[in-house]
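> Below are the chains, spelled out letter by letter.
There are 2 protein chains.
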Amino acid sequence: MPERVRAAMVRQAINHRGQEFSTVYADCVRILKEAFGTTNDLFVVSGSGTAAMEAAVGNFGRGKKIACLVNGKFGERLFKIAQRYGTATEIASPWGTPLDLGRLEEALAGGAEMVTLVHNETSAGIKNPARKVGTLCRKYDALFVMDGITSVGGDEVSADEWGADVVVAGSQKCLAAPAGLSAISVSAKAWERMTEPRPFYLDLAAYRKSATGKLMETPYTPAVPLFLALREACLILAEEGLSARIARHRRLADAVRAAAGAWGVSLFPKIDADHAYSNTATAFSYPAGVDDSAFRGTIKKMGIEIAGGQDHLKGRIFRIGTMGAIGAPEVLATLAAVQYALRKHGFVPKGDGVMAAAEVLG
Amino acid sequence: MPERVRAAMVRQAINHRGQEFSTVYADCVRILKEAFGTTNDLFVVSGSGTAAMEAAVGNFGRGKKIACLVNGKFGERLFKIAQRYGTATEIASPWGTPLDLGRLEEALAGGAEMVTLVHNETSAGIKNPARKVGTLCRKYDALFVMDGITSVGGDEVSADEWGADVVVAGSQKCLAAPAGLSAISVSAKAWERMTEPRPFYLDLAAYRKSATGKLMETPYTPAVPLFLALREACLILAEEGLSARIARHRRLADAVRAAAGAWGVSLFPKIDADHAYSNTATAFSYPAGVDDSAFRGTIKKMGIEIAGGQDHLKGRIFRIGTMGAIGAPEVLATLAAVQYALRKHGFVPKGDGVMAAAEVLG
Numbered sequence: 001m002p003e004r005v006r007a008a009m010v011r012q013a014i015n016h017r018g019q020e021f022s023t024v025y026a027d028c029v030r031i032l033k034e035a036f037g038t039t040n041d042l043f044v045v046s047g048s049g050t051a052a053m054e055a056a057v058g059n060f061g062r063g064k065k066i067a068c069l070v071n072g073k074f075g076e077r078l079f080k081i082a083q084r085y086g087t088a089t090e091i092a093s094p095w096g097t098p099l100d101l102g103r104l105e106e107a108l109a110g111g112a113e114m115v116t117l118v119h120n121e122t123s124a125g126i127k128n129p130a131r132k133v134g135t136l137c138r139k140y141d142a143l144f145v146m147d148g149i150t151s152v153g154g155d156e157v158s159a160d161e162w163g164a165d166v167v168v169a170g171s172q173k174c175l176a177a178p179a180g181l182s183a184i185s186v187s188a189k190a191w192e193r194m195t196e197p198r199p200f201y202l203d204l205a206a207y208r209k210s211a212t213g214k215l216m217e218t219p220y221t222p223a224v225p226l227f228l229a230l231r232e233a234c235l236i237l238a239e240e241g242l243s244a245r246i247a248r249h250r251r252l253a254d255a256v257r258a259a260a261g262a263w264g265v266s267l268f269p270k271i272d273a274d275h276a277y278s279n280t281a282t283a284f285s286y287p288a289g290v291d292d293s294a295f296r297g298t299i300k301k302m303g304i305e306i307a308g309g310q311d312h313l314k315g316r317i318f319r320i321g322t323m324g325a326i327g328a329p330e331v332l333a334t335l336a337a338v339q340y341a342l343r344k345h346g347f348v349p350k351g352d353g354v355m356a357a358a359e360v361l362g
Numbered sequence: 001m002p003e004r005v006r007a008a009m010v011r012q013a014i015n016h017r018g019q020e021f022s023t024v025y026a027d028c029v030r031i032l033k034e035a036f037g038t039t040n041d042l043f044v045v046s047g048s049g050t051a052a053m054e055a056a057v058g059n060f061g062r063g064k065k066i067a068c069l070v071n072g073k074f075g076e077r078l079f080k081i082a083q084r085y086g087t088a089t090e091i092a093s094p095w096g097t098p099l100d101l102g103r104l105e106e107a108l109a110g111g112a113e114m115v116t117l118v119h120n121e122t123s124a125g126i127k128n129p130a131r132k133v134g135t136l137c138r139k140y141d142a143l144f145v146m147d148g149i150t151s152v153g154g155d156e157v158s159a160d161e162w163g164a165d166v167v168v169a170g171s172q173k174c175l176a177a178p179a180g181l182s183a184i185s186v187s188a189k190a191w192e193r194m195t196e197p198r199p200f201y202l203d204l205a206a207y208r209k210s211a212t213g214k215l216m217e218t219p220y221t222p223a224v225p226l227f228l229a230l231r232e233a234c235l236i237l238a239e240e241g242l243s244a245r246i247a248r249h250r251r252l253a254d255a256v257r258a259a260a261g262a263w264g265v266s267l268f269p270k271i272d273a274d275h276a277y278s279n280t281a282t283a284f285s286y287p288a289g290v291d292d293s294a295f296r297g298t299i300k301k302m303g304i305e306i307a308g309g310q311d312h313l314k315g316r317i318f319r320i321g322t323m324g325a326i327g328a329p330e331v332l333a334t335l336a337a338v339q340y341a342l343r344k345h346g347f348v349p350k351g352d353g354v355m356a357a358a359e360v361l362g
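Chains as they are written, first to last, in this note's numbering: chain D, 1 to 362; chain R, 1 to 362.
Worth flagging that the hints you see were computed from the coordinates, not collected in a lab. Keep in mind that the hints are not guaranteed to be accurate.
[Unchecked claim] Below 27 Å or equal to it, Euclidean Cα-Cα: the simulated DSSO-like pairs (lysine-lysine) are:
| id | chain 1 | residue 1 | chain 2 | residue 2 |
| --- | --- | --- | --- | --- |
| 1 | R | LYS314 | R | LYS301 |
| 2 | R | LYS314 | D | LYS214 |
| 3 | D | LYS64 | R | LYS80 |
| 4 | D | LYS350 | D | LYS314 |
| 5 | D | LYS314 | R | LYS65 |
| 6 | D | LYS64 | R | LYS64 |
| 7 | R | LYS214 | R | LYS33 |
| 8 | D | LYS209 | R | LYS73 |
| 9 | R | LYS350 | R | LYS314 |
| 10 | R | LYS214 | R | LYS65 |
| 11 | R | LYS214 | D | LYS300 |
| 12 | D | LYS270 | D | LYS80 |
| 13 | D | LYS209 | D | LYS132 |
| 14 | R | LYS300 | D | LYS214 |
| 15 | R | LYS270 | D | LYS80 |
| 16 | R | LYS270 | R | LYS314 |
| 17 | R | LYS64 | D | LYS80 |
| 18 | D | LYS73 | R | LYS189 |
| 19 | R | LYS301 | D | LYS214 |
[Unchecked claim] Just a few of them, taken from the derived set where beta-carbon distance is under 10 Å, the chain D residues facing chain R:
| id | residue |
| --- | --- |
| 20 | SER46 |
| 21 | TYR85 |
| 22 | PRO225 |
| 23 | GLU305 |
[Claimed, not checked] Far from chain R, by Cβ distances over 12 Å, these chain D residues were calculated:
| id | residue |
| --- | --- |
| 24 | ARG17 |
| 25 | ALA52 |
| 26 | ALA176 |
| 27 | PRO199 |
| 28 | ALA273 |
Ideal Cβ placement from N, Cα and C applies to all residues, glycine included.
So here's chain D without its partners, still in its complex pose (with noise of 0.2 Å):
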């Protein structure tokens, strides 16, 4: 997090009914709603990605048919919130392969009413077709869930053009805020089709209440010292302007991904036409032989963390995060790590990875 952020937690608490709070609130939501794509309302949350994610599906789903593509830990996640609301299908690929669209049509010609996607799937490493996902539930008429925690504020989210109904970003990620805070976006085809019973700390009619009176105010008690630093992580992001920002997360995955190729190690996941690696996290599988906690400890013995893999894939890949407020520096201090790590637990690197990634730096 750049110091200004985190500078703007020390001040004194401020009364979250007054006018300046509101201030920081509409500045939120006003710099958020352009990296979302949206003109849709905009609520800023008290809670992390998974409290916007609840929101998404306990306001809009609860009873309905529910298609969850799923190709990773956080599309498994939106599915099993959608159990608890809805009637939940899981489309499910091999985590890091391409979503089958095939089978998200068939689902909404048999009635799926809702569909979740996680545009940025972190757990694995790709990008997700969240435009071809909106057009289909244009077709049929169904509202889109879109998990954009990992790619608002760092990569293209055009909501609106997609017909993203709902979208939820989280503030740590891209934004460069301290973890705590989730942003959600609501169309007005998603509030018609508000469901109930809904969830009460996160019940978006009473966001929406609170934030369109004469003051722009929270329902409950916001964490206010987050609220102060996510706007002034906003103001960071409207000052390097969003398209420069997302070019800059392009050209440190590009980095990335170049060093891969001259290391010849393999990205993880396996992408098409529709699929992408995603340019805020890239997931290299190990190459055979190298111990995930013993590479990884090496990394960490120079003060620089990556991280493994979850779940099922504990072991088999290591991630590099390029997302939020980081640039050049940061990414050839890791490559270097990562590739006198490989050395030393096994792997002969092919090329020279840091040199090919201030190629693309430089």
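Fit chain R to the known structure of chain D by using the hints.
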């Protein structure tokens, strides 16, 4: 908030799946258990007090007969939450007047399986008889859900002794940490009676699982800076000592009540042998003719904010909080400003409330 608490949020993000976060979380839990008066499991939720209230009802009350004791806004909120999960009965008294424990016993005899109570109802400045409610719940083997949001850490709470199965607290009240976190304790009896389906983000089974591994974690990304601040606030509580802290809160409230007596301004609550004036928020009835917004405007111009009434009490009462990291200076300044504003807006105080308060504090 003390400077130490605010400063704890400035540092760079830490990994919420690492040893350090685990220690931070464990420190919070250890100290909060003392403040709750419990040896039960206790979790910290990234969400405001309302989230923890919903967790209490949503994890243990689905489909149950729930009797809700209501004599203020927060009791009403618990009733509204209970309506979304079970068959809720409101046992209402006018705000700020004694609860009807006779009707509670009838409801329990009639099969109520859960009872909700707000221990310290700040909307009306009244402290409710938690011990007596607990005794009745034990007699009829019902689950006792207690909102201790504005009493934990500032007034005596003895969850285990009272038989309070599920107790919630908020970070920004007597604990003097930032808003945005809440805490919830769960008895063995409550665990045995978990209901389904539960909310997802607030599913306490997931909280329990994540807290009992090798590291103490939360199921979903926590609001890390707020945990760092809460830990600091808990350490301050431990340094002051819980009983000294409670005595401080009581003395400050005594001082405010002494001022009311000297002025001849009535306290709003009607108390009896079972009920008491709140030690963390004192509610005053407006003397005839004093206009709420002009009165509080005068005080605000002096840099001091006091609360008005909520909902139907708007314009009828004003409230002075004495919770968290405050002492004699804040109380004396507030009372001086109130005394000045009473005079300015048409009420002639019988005597000098500021000096009466100083007698208590000196």
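> With reference to the structure, classify each hint as holding or not holding.
How the hints compare with the structure:
For the given pair, R/LYS314 sits about 20 Å from R/LYS301 by alpha-carbon distance, which is consistent with the 27 Å threshold. A C-alpha spacing of about 17 Å is found between R/LYS314 and D/LYS214, which places the hinted pair at or below 27 Å, so the restraint holds. For the suggested pair D/LYS64 and R/LYS80, the alpha carbons sit about 24 Å apart, so the restraint of at most 27 Å is met. For the hint pairing D/LYS350 with D/LYS314, the CA-to-CA distance comes to about 25 Å; that is within 27 Å, so the pair holds.
The hinted pair formed by D/LYS314 and R/LYS65 fails the criterion: a straight-line CA distance of about 44 Å is larger than 27 Å. Between D/LYS64 and R/LYS64, the direct Cα distance comes to roughly 24 Å. Compliance with the 27 Å bound is thereby established for this hinted pair. Distance check on the hinted pair: R/LYS214 and R/LYS33 sit about 20 Å apart at the alpha-carbon level, within 27 Å; holds. Proposed proximity of D/LYS209 and R/LYS73 is supported: the alpha carbons are some 18 Å apart, at most 27 Å.
For a cut-off of 27 Å, the pair hint linking R/LYS350 to R/LYS314 stands: about 25 Å separates their Cα positions. Between R/LYS214 and R/LYS65 the CA atoms are separated by roughly 38 Å; this puts the pair beyond 27 Å, and the hint is violated. Proposed proximity of R/LYS214 and D/LYS300 is supported: the alpha carbons are some 19 Å apart, at most 27 Å. Simply put, D/LYS270 and D/LYS80 have alpha-carbon atoms about 24 Å apart, close enough for the 27 Å limit, and the pair holds.
In summary, the hint linking D/LYS209 to D/LYS132 is not supported, as the alpha carbons are separated by about 33 Å, beyond the 27 Å threshold. Taken as a hint, the R/LYS300 and D/LYS214 pair is honoured in the structure, with Cα atoms around 19 Å apart against an allowance of 27 Å. About 48 Å separates the Cα atoms of R/LYS270 and D/LYS80, which puts this hinted pair outside 27 Å; it is violated. For a cut-off of 27 Å, the pair hint linking R/LYS270 to R/LYS314 stands: about 18 Å separates their Cα positions.
In summary, the hint linking R/LYS64 to D/LYS80 is supported, as the alpha carbons are separated by about 24 Å, within the 27 Å threshold. For a cut-off of 27 Å, the pair hint linking D/LYS73 to R/LYS189 is broken: about 33 Å separates their Cα positions. For a cut-off of 27 Å, the pair hint linking R/LYS301 to D/LYS214 stands: about 21 Å separates their Cα positions. Satisfaction of the interface hint for D/SER46 is found here, the shortest Cβ-Cβ separation to chain R being roughly 5 Å, below the 10 Å cut-off.
With 10 Å as the threshold, the beta carbon of D/TYR85 comes within range of chain R, its nearest partner Cβ sitting at about 8 Å, so the hint holds. With 10 Å as the threshold, the beta carbon of D/PRO225 comes within range of chain R, its nearest partner Cβ sitting at about 5 Å, so the hint holds. Using the Cβ-Cβ criterion of 10 Å, the hint placing D/GLU305 at the interface with chain R is satisfied: the shortest such distance is roughly 6 Å. Not every C-beta of chain R lies more than 12 Å from that of D/ARG17, the closest at about 10 Å, which undercuts listing it as non-interface.
A cut-off of 12 Å between C-beta atoms contradicts the statement that D/ALA52 is not in contact with chain R; the least separation is 9 Å. Against chain R, the non-interface label of D/ALA176 is violated: not every CB pair exceeds 12 Å, the least being about 10 Å. Annotated as non-interface, D/PRO199 brings its C-beta within 12 Å of a C-beta of chain R; the closest such distance is 6 Å. In this structure D/ALA273 is separated from chain R by more than 12 Å, as the shortest Cβ-Cβ distance comes to about 33 Å.
Checked against the numbered hints given earlier, the structure breaks hints 5, 10, 13, 15, 18, 24, 25, 26 and 27 and satisfies all the rest.
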